Amino acid sequence: MDSFTLYGEQIRSRLLIGSALYPSPSIMTESIVASGADIVTVSLRRQQSAQAGDDFWQLIKNTGLKVLPNTAGCHSVKEAVTLAQMCREVFATDWIKLELIGDEYNLQPDPFALLEATKILLDEGFKVLPYCTDDLVLCQRLADLGCEVLMPWGAPIGTGKGLLNPYNLRMIRERLPSHTLIVDAGLGLPSHACQALELGYDAVLLNSAIAGAGCPVTMSHAFRSAVEAGRYSYLAKAMPEKDVASPSTPTMGMPFWHQN
Amino acid sequence: MSFKIAILGFGLTGRLTALALSKVHQVSVYEQDDQHAANSAGNVAAAMLAPLAESVLCEQDIALLGLASIQRWQQIISELDEPVYFQQAGSLVVAHQQDKGDLHSFISRLKPLAEHTADTVSSAQIADLEPELAGRFHQGVYLPCEGQLDNQAFYAASYNQLVARQVSFNWHSHITLTGHKVNGQSYDFVFDCRGLGAKTALPSLRGVRGEVARLYAPEVNLSRPVRLMHPRYPIYIAPKPNHQFVIGATEIESHDTGKVTVRSALELLSAAYTVHSGFAEARIESLQSGLRPAFADNRPQVTREGRVISLNGLYRHGYLLAPYVVDEAISLMT
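Keeping their order, the protein sequence lines are chains H and X.
Just so we're aligned, residue 1 is where the first sequence starts under the working numbering, counting upward by one.
Just so we're aligned, residue 1 is where the second sequence starts under the working numbering, counting upward by one.
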């Protein structure tokens, strides 16, 4: 399969996988391997700073994958910026998945604070991957600030509802054709991931859909296949949809009274 | 035949091992702290015996061992001279209306445990089980097989029992284990029950931080453990004697041993308040944090190397699995 670009780096797997909520670290490791992912996301809580989270980080490091730290759980610009700075130190990477919660209940990103924090972090040299809603204007503003990657949601985090607004997502894809777009959050089924790739999205990022499945490792395999199917489907350019059936077998030789 | 035995660590598994072995053997306990082992996971824990609820997250064999441990606990407590509160009156799982998806997900993931079932209960049935929750929840699940005990009473009673049996104690002990010698003293068998204190010997062991609040809430009357399903703050409320309640517990992949954070305290206490508004006037007796020792698969391990028997990695299933794990460890003496 072809690769995509993430701030100048070529990434092969179009599935980015999270590292939370698995039944055990062993199952997490197996699921990550089964996903074929090149990038794993991790969240840093204050109590995990310095040496305190070493054992868990060692497991992540042992996967050999690139780490994409996130600012999960931050509600203010200051919190997110501080956590991003801590992440850069702990994980030695400029990448940051910027997550800034606006609504405590459905964890909807705060678009206004997100723009403000994105600007600060880009100015500090971070490569920001903003987790945002599927609002075209917000995505344009983030792109104007200098984000090369945008991560609109499919649905609220952890809901597993899939792509709630394919129209919005398609519009963002059409209007920002040269940006790397990743559907982040809300996916529940492999078919949701396939649909995102069919829309022309470069990748999907998910966690709960695998970690919360009855058998995370098997579900990880399923998502890996779905992402490949979606990408091939996009590259193959699907046939146009029609309202009237057209036969796939030639009608020549069929009696004329059967042809209507 | 009576053996000379050293037990390293005086947390939950150390106490159970000492109780079992001191009946016939000459036991010496080594503990880095004092007789309270206040920072041990077994002291901080809520001591729930919830094999059915835990089956949602653990393998079935673990849940079945937990089920068997409930009977073992009754026996262990009955052999103590001092009374220790033990209860098997089931537990109740509830969710607020907006979180019913989490409750349904919980129900769908319960594993079958012998003949023990989970009973879906209506608002009226919740009120029958716990009158003070009447009208607060529309739907819940009752798990009749589950129980709990008062772990801090068990800690005190087990220590007194072992003192009466003339077990020798070495407090504030910096432990050096060389072969079957502890701090230069030779033993027939050494039981390593140190939890994370054994990390040097067991490098794959990790700490999983947990935080709990202990409250005195005279206005709250709950007769059995209640779990609240919530997308982010799932908690349990374990009622102990005299209106004491344990609210727990966070689960953070970290071996940070610092005090409870404001965020965790807010999460635990506000979730408890949404279950019963009587917690508003409760007194906070303590906010404690502890580290659960765990291996990568979150399953316990019992191993023997020479004359050293090691039992560790009980993760969040300390009280649920300790009787089984200790029996297993003692069986390795032969």
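Hints are computed from structural coordinates only; laboratory data are not their basis.
Nothing here was measured: the structure is a model prediction, and the numbers come from that model.
A portion of the hints provided could be inaccurate.
[Unchecked claim] Pulled a few chain X residues facing chain H out of the computed Cβ check, cut under 10 Å: (1) 58; (2) 60; (3) 61; (4) 64; (5) 100; (6) 101; (7) 110; (8) 117; (9) 207; (10) 232; (11) 253; (12) 254; (13) 263; (14) 273.
Here a beta-carbon is modelled for each residue, glycine too, at the ideal position from N, C-alpha and C.
Cross-check of the supplied hints:
1. 58: holds (7 Å)
2. 60: With Cβ-Cβ at 12 Å, over 10 Å, it is violated.
3. 61: violated (14 Å)
4. 64: Status violated, d = 17 Å.
5. 100: violated (14 Å)
6. 101: Since chain H brings a Cβ to about 8 Å from residue 101 of chain X, closer than 10 Å, the hint holds.
7. 110: violated (12 Å)
8. 117: Hint violated; residue 117 of chain X Cβ to chain H Cβ min 20 Å, cut 10 Å.
9. 207: holds (7 Å)
10. 232: holds (8 Å)
11. 253: holds (4 Å)
12. 254: Because about 4 Å separates residue 254 of chain X from the closest Cβ in chain H, which is inside the 10 Å limit, the hint holds.
13. 263: holds (8 Å)
14. 273: violated (15 Å)
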